[in-house]
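A.B. asks: Line by line, the protein sequences give chains A and B.
So the first sequence is numbered by our numbering: it starts at 6 and just counts up by one.
So the second sequence is numbered by our numbering: it starts at 213 and just counts up by one.
Treat the hints as calculated values from the structure; they're not laboratory data.
Take the hints with a grain of salt, since some may be wrong.
[Unchecked claim] Below, simulated DSS-like cross-link-like pairs (lysine-lysine); rule was C-alpha separation at most 25 angstroms, straight line:
#, chain 1, residue 1, chain 2, residue 2
1, A, LYS32, B, LYS483
2, B, LYS477, B, LYS540
3, B, LYS366, B, LYS381
4, B, LYS452, A, LYS40
5, B, LYS391, A, LYS40
6, B, LYS459, B, LYS486
7, A, LYS40, B, LYS381
8, A, LYS40, B, LYS486
9, A, LYS32, B, LYS392
10, B, LYS486, A, LYS32
11, B, LYS412, A, LYS40
12, B, LYS485, A, LYS32
These numbers come from a predicted model, not from an experiment.
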Amino acid sequence: MELFTPDFGLVFWMFVAFILLFLVLAKWGWPVIIKMMDQRANTIDQGVEDARKAKEQLDNARAEAQKYVKEAQARQAEMLREAAKMKTDIIEEARNEAQAAAKKEMDAARLAIEQARKEAELSFRNEVGRFSIDIAEKMMRERMSDNKAQTELVNKLLDEIEKN
Amino acid sequence: MCLLTGCRSDTYINILTTMSKYHKIPLIHSLATTRRAVLGLLIAVLLMAPSAASAAGHDEGGSLDVKGIIFEHLGDGYGWEVPFSHTDRIPLPVIVRSEDHNWFCFSSAGLTEKTETVDPESGKTHHALEPVVKTIERDGKTYRFLIAHESANKDKVVEIFDLTPAEQKELDARLADEKKTGDVDLGVQVIDGYVYYDGKYYREYRPLDLSVTKNVAALFIAVILVIAMVFGLVGFYRRKGMRAPRKGMGFFEMLVGFIYNDTIKATLGDKTKKFAPYLLTVFFFILVMNIVGLIVIFPGGANLTGNIAVTLVLALCTFIITNIFGTKHYWKEIFWPDVPLFLKFPLPIMQLIEVFGIFTKPAALCVRLFANMMGGHMIVITLTLLIFILGAFGAAVVGLTTVVSVLFTIFMLLLDVLVSFIQAYVFTLLSTLFISMAQIDEEEHHAKEDKGDSAAESKDLAELAAQKELISREAAEMDLK
């Protein structure tokens, strides 16, 4: 059967063609393709890993930012509260100070008035004393114008001293 | 396979022209009925076709050389058939070495001649391609070559010589012998070493024939296609860097990945780099040859992988690589395998089987690919020829046969596309297996087993530890809550 007997010419050319094809592809074909496919697979793996990491980092960053925002808000509230407190404190203090100053002023005024009143009283008493002495002098002079009355008085005074 | 390149290609032209004529009709119908109408028309056209076919068959005298046509399509040729023509061939170079060791190279067009004979009854002209003697003068000597027909070297180029008186005597004696033994007169007697041509016997010499035949040309086309595919992809990488190719190139790359990662790497492991180029080349070369063989017209149509010479060379390459790179352990397993002593000494039973196995493995590779592809081609061409074989039984029978055989032919061709992939893959897979079986080292062999055990053990331990950790963590969490 001619179908089952290999033809030498075809065997020869097949051998030549196949060996040539193999050499060409083994040198410049397959290594390039396989290297590139491996490289791409690695790159894709790396990319997936990177994306995962990036997402993780992003999540972390977001959480951190949230934390900072919260912190800042807390601090702001604190500061506001502090400011308010300070405001009331200052007002209170100012009021107290004002009150104290007013009181002092009033005290001083009261003291001065008191003093003035005392001085006035003193001078009034002195005046009254002088007046009464003057009056008494005048009355005495009038009453002691005769000797009898004078001796009577001396006696009386002497009695009094003796009694003592 | 070469459906359209066959002798009856005019039939197909008839079908095509009739179809194109009637094809406009369905447009009148509503869309819903169009499909049914087309189908009906197709069948009607196919039923009409056989009358043309039987007419064509009648042109050539009614008898059909079925075997000749099948073998012409399965075999090789010095020229390449042109579609829709009985007599035109694309000429290819014939390269032969004559008896006195001179090389000759000439076009195959010089070995055939178109003839025109007019049939006196019908008045029709009949075209045929007849072999003629190619005469070459060189250094005062005349060399004559011929495509032998009535000879032991049928359809091959032979160098012919006029008979010397002694040879004439011997030939006469042998012819007389044949006549005595043969019961029936078979016409021309085929005598070994002689060729009958144009009413005369010549002494023939089958030269060393390195002609670029149809198969060799198809081989070159396949090589160019594979190189174009591979370097197309390499060029793509060079232009586009690491970007993934799309469409055809993407499919090619996917195939490379499938063969390289899932077949070669999975089997050969760390020896992949050494053998992958060979195995990849084998796969794509076979695949391209298979597919190109299925294409009916010119660049295809050669029954390449259905030719035993092609598969023989491929199997031989696998055989050589398997045994050249075989390890010590591989040879030890052949000549002193791990079997009870009485099986290998004093009678070397196992050794015989193993040595036999070295050769049967590649032989199976060779025959499997050859038989599968040739079988596919043969079924398709036979199904097509069925139409013409049944041409004698009238239009109705042949009409039905035409429908059935065209449908079956399409089905078989589609199946052959699948078979092309499968056979290319099987050849590569088995080559990989044979090579990997010759790559096992003794230490590796044992080490693998040991490593397997210890690996399993350590894996168990690791799992246990992980579970423990998980439980303790859960407990801690519960505590926290």
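A.B. asks: Each hint needs a verdict: does it hold in this structure or not?
C.D. replies: Verification of the hints:
1. Restraint check for A/LYS32 and B/LYS483: the C-alpha separation of about 17 angstroms stays at or below 25 angstroms, so the hint holds.
2. Our distance criterion of 25 angstroms between C-alpha atoms is met by B/LYS477 and B/LYS540, whose separation comes to about 22 angstroms.
3. Between B/LYS366 and B/LYS381 the CA atoms are separated by roughly 24 angstroms; this keeps the pair inside 25 angstroms, and the hint holds.
4. As the CA atoms of B/LYS452 and A/LYS40 are separated by approximately 15 angstroms, the hinted pair is consistent with the 25 angstroms bound.
5. Restraint check: the Cα-Cα separation between B/LYS391 and A/LYS40 comes to about 70 angstroms, which exceeds 25 angstroms; the hinted pair is violated.
6. Among the hinted pairs, B/LYS459 with B/LYS486 is inconsistent with the structure: their alpha-carbon atoms are about 30 angstroms apart, more than 25 angstroms.
7. Restraint check for A/LYS40 and B/LYS381: the C-alpha separation of about 71 angstroms exceeds 25 angstroms, so the hint is violated.
8. Only pairs whose Cα atoms come within 25 angstroms are accepted, and A/LYS40 paired with B/LYS486 is accepted, the gap being roughly 14 angstroms.
9. As the CA atoms of A/LYS32 and B/LYS392 are separated by approximately 63 angstroms, the hinted pair breaks the 25 angstroms bound.
10. Note on B/LYS486 and A/LYS32: the hinted pairing holds, with a Cα-Cα distance of about 12 angstroms set against a maximum of 25 angstroms.
11. Annotation: proposed proximity of B/LYS412 to A/LYS40 is violated, straight-line Cα distance about 65 angstroms (limit 25 angstroms).
12. For the given pair, B/LYS485 sits about 12 angstroms from A/LYS32 by alpha-carbon distance, which is consistent with the 25 angstroms threshold.
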